[in-house]
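As they're listed, the protein sequences go chains R and Y. For the first sequence, counting from 1, position 14 maps to 13 in numbering that gives the first Met the number 0; every step adds exactly one. For the second sequence, counting from 1, position 108 maps to 107 in numbering that gives the first Met the number 0; every step adds exactly one.
Honestly, the hints are just simulated from the structure, not real lab data. Where hints are given, some of them may not hold.
Facing chain Y, a subset of chain R residues (Cβ under 7 Å, in silico) [said to hold, decoys possible]: (1) S29; (2) M192; (3) S285.
The calculated label-pair distances, taken between Cβ atoms and stated as ranges, are [as the list claims (entries may be wrong)]: (4) R:I55 with Y:K122: 30 to 36 Å; (5) Y:D204 with R:S199: 35 to 41 Å; (6) R:I98 with Y:Y35: 23 to 29 Å; (7) Y:I40 with R:I91: 32 to 38 Å; (8) Y:D250 with R:F75: 35 to 41 Å.
Even for Gly, the Cβ is constructed at its ideal location relative to N, Cα and C.
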Amino acid sequence: MSQIAIRDRSAFASAARPRLSLREFFQQRSTIAFFFTLPLILLIAVLVIYPAGYSIYLAMLSKKMDRFVGFSNFTFLFTRETFWMVVKQSCIFAITAVIFKALLGFIVAHLVHAIPAKGQRKWRGMLLVPWVIPPALSTLAWLWLFDPSYSAFNWVLALGGIGPIPWTGDAMWARLSVILVNIWIGAPFFMIMYLAALKSVPAELYEVAAIDGANWLQKLWYITLPMMRNIIAITTLFSLIVTFANFDIVRILTAGGPIDLTHMFATWAFKLGIEGGDIPLGASISLFMVPILTVAAIFILRDINKRGERI
Amino acid sequence: MATGTLSSRTVSAAAAAAPEGQMAGTERKWALRWAYFFLVIFAAFALMPPIYMLITGLKTSNEISAATSPWWVYHPTLMNFTDLITSPLFQTFFINSSIVAVTTVIITMLISVPAAFALSRMKFWGSGILATGVFLTYLIPETLLFIPLFKMFATFRDWTGIELINHWYVLLLLYPTLTVPFATWIMIGYFASIPKELDEAALIDGATWTQTLTKIFIPVALPGIIAATIFAFTVAWAQFLYPLAFTTSQDQLVLSVGIATTLIKADVFNWGMIMAGALLGAAPPLVIYAFLMDYYIAGLTAGATKG
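With the hints as extra help, turn the sequences into a complete structure.
The following block contains the structure:
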């Protein structure tokens, strides 16, 4: 209503004087809104959208960046065995880690939700700690837990007579270790999102279901999951993007080794692009992340809009 | 009908007030015990690495390489911590990290608050598209942008002679690309929950848009702004890829990279000192989290639950 009032006032002002004075121009709503959003637009345009487009151009240059070579960087990558391993690895890593993070987060959220409300804060506080510590620093602690000669895990396993495990030395174990650390860091995020979703499910629904004689599995399947579906979808897709593009954990835990067997797109692009000095090749590697990121982003956007429509 | 809903509400209130009351039998009690049992296990898993950081940080190098239990400290010493705190290099890392994180927060808020206000309150041509664009920007990972940005800054030096790479202040340009989109996004959501009557009343009384924002709106929206501030600080403090790619000289490094590279590259892996350093580096976000947990969680969940 007041919006109409404001519009009326400005309409009246412009009717009284046919030309807008400079001062009035600066008081106009759209002008002010433009100036309020200008820094944001500039930042996104110059430091996000431009470099995103620029990387496509970079990916088509030769190593010395003096000549345009078209798609030959991409076709070169297709001939490299490491490239296909990175593709496979990134997909397996992201999917496995996200599934386990979601499962673990779901279980822990239910456990926290099950205890009396006054104790929940304390438990939630402890369980979220892995998400709060900078990943680069907590991964250092994991690296030390996995240390080949002084591994604290192997020390415990040795008590049970289990031989030393090469946590980061063997390719298979190194992949598992990287996934484990990713789950440790990411599961609390799922837990907190699911807990917020669980709390928004009206208690009446469960009471009605209990009166109707539903068991816990039916309650989970017919009430909890449908009510949480949107949050589950958004959280999972968001985590898929972050996990797929992960850099910190692999970089610190294995640095891609042993012999480039645990690289992800981000770490391999860093190794070739920044450390190896081949910027075009690094740019083309990281561009291969775009398709999967786009698909995930489209689905997230759809879910968020759906949510907006419902409210 | 009305009495029906009323009674069901009182029942649910009673059930919520006494979750282990008469309604709950022994079965419920056992379920609760199991819940606590598993929570202890998960909490142990969650807290193990930071606790292990502390254990190792309290040890001397001799004790670390001794064959004693890695899970216990027999001769605790604060030497690693005091050595680090008095080391000029570590102090440089800490100061660099602090300056970068605090400045990033200020830049982020200066850009995000007016933008979120405009996008949630001043409907204008393209505001809907811009809000969606902000969210999409947030989904673009830094691992996609660091190489073109690196080349952009190198070209910028060739044109202007201003060297950005390998100076800590290059991070002030890079970090806002990570913090501004999300901070703007969660604040759009938070601002939408504030009654429109508030700022409309101010506008009718003759306040300008800028006055409405600074004098009326910001004080009311403070919880949302604090949540976004905490988020921006945490991201800026924890960022690892950008400082690793853009800074190399020791005196330009921030904590995350400084600890991971300078202490590890030494001939002897001094794990006691690395763990002490990691713990000190994790301390600021942990302290903020301990005191402002509710804001932290509000910021975390706002991204997906509002929008």
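The hint says 35 to 41 Å between D204 (chain Y) and S199 (chain R); measuring C-beta to C-beta, is that right? 37 Å, holds
Assessment of proposed distance window 23 to 29 Å (beta carbons of I98 (chain R), Y35 (chain Y)): 26 Å, holds
Status of the hint placing S29 (chain R) at chain Y (closest C-beta pair under 7 Å): 5 Å, holds
Looking only at beta-carbon atoms, does the pair I40 (chain Y), I91 (chain R) fall within the given range of 32 to 38 Å? Given about 27 Å between the Cβ atoms, the range is violated.
Supplied distance hint 35 to 41 Å, evaluated on CB atoms of D250 (chain Y) and F75 (chain R): For D250 (chain Y) and F75 (chain R) the Cβ distance comes to about 38 Å; the hint holds.
Quick check: does the Cβ-Cβ distance between I55 (chain R) and K122 (chain Y) fall within 30 to 36 Å? 34 Å, holds
Hint status (Cβ of S285 (chain R) to nearest Cβ of chain Y, threshold 7 Å): 5 Å, holds
Interface hint check: M192 (chain R), Cβ to nearest Cβ on chain Y, cutoff 7 Å. Holds or violated? Cβ of M192 (chain R) sits 6 Å from chain Y, so the hint holds.
Hint check: a violation occurs at hint 7 only; the rest are consistent with the structure.
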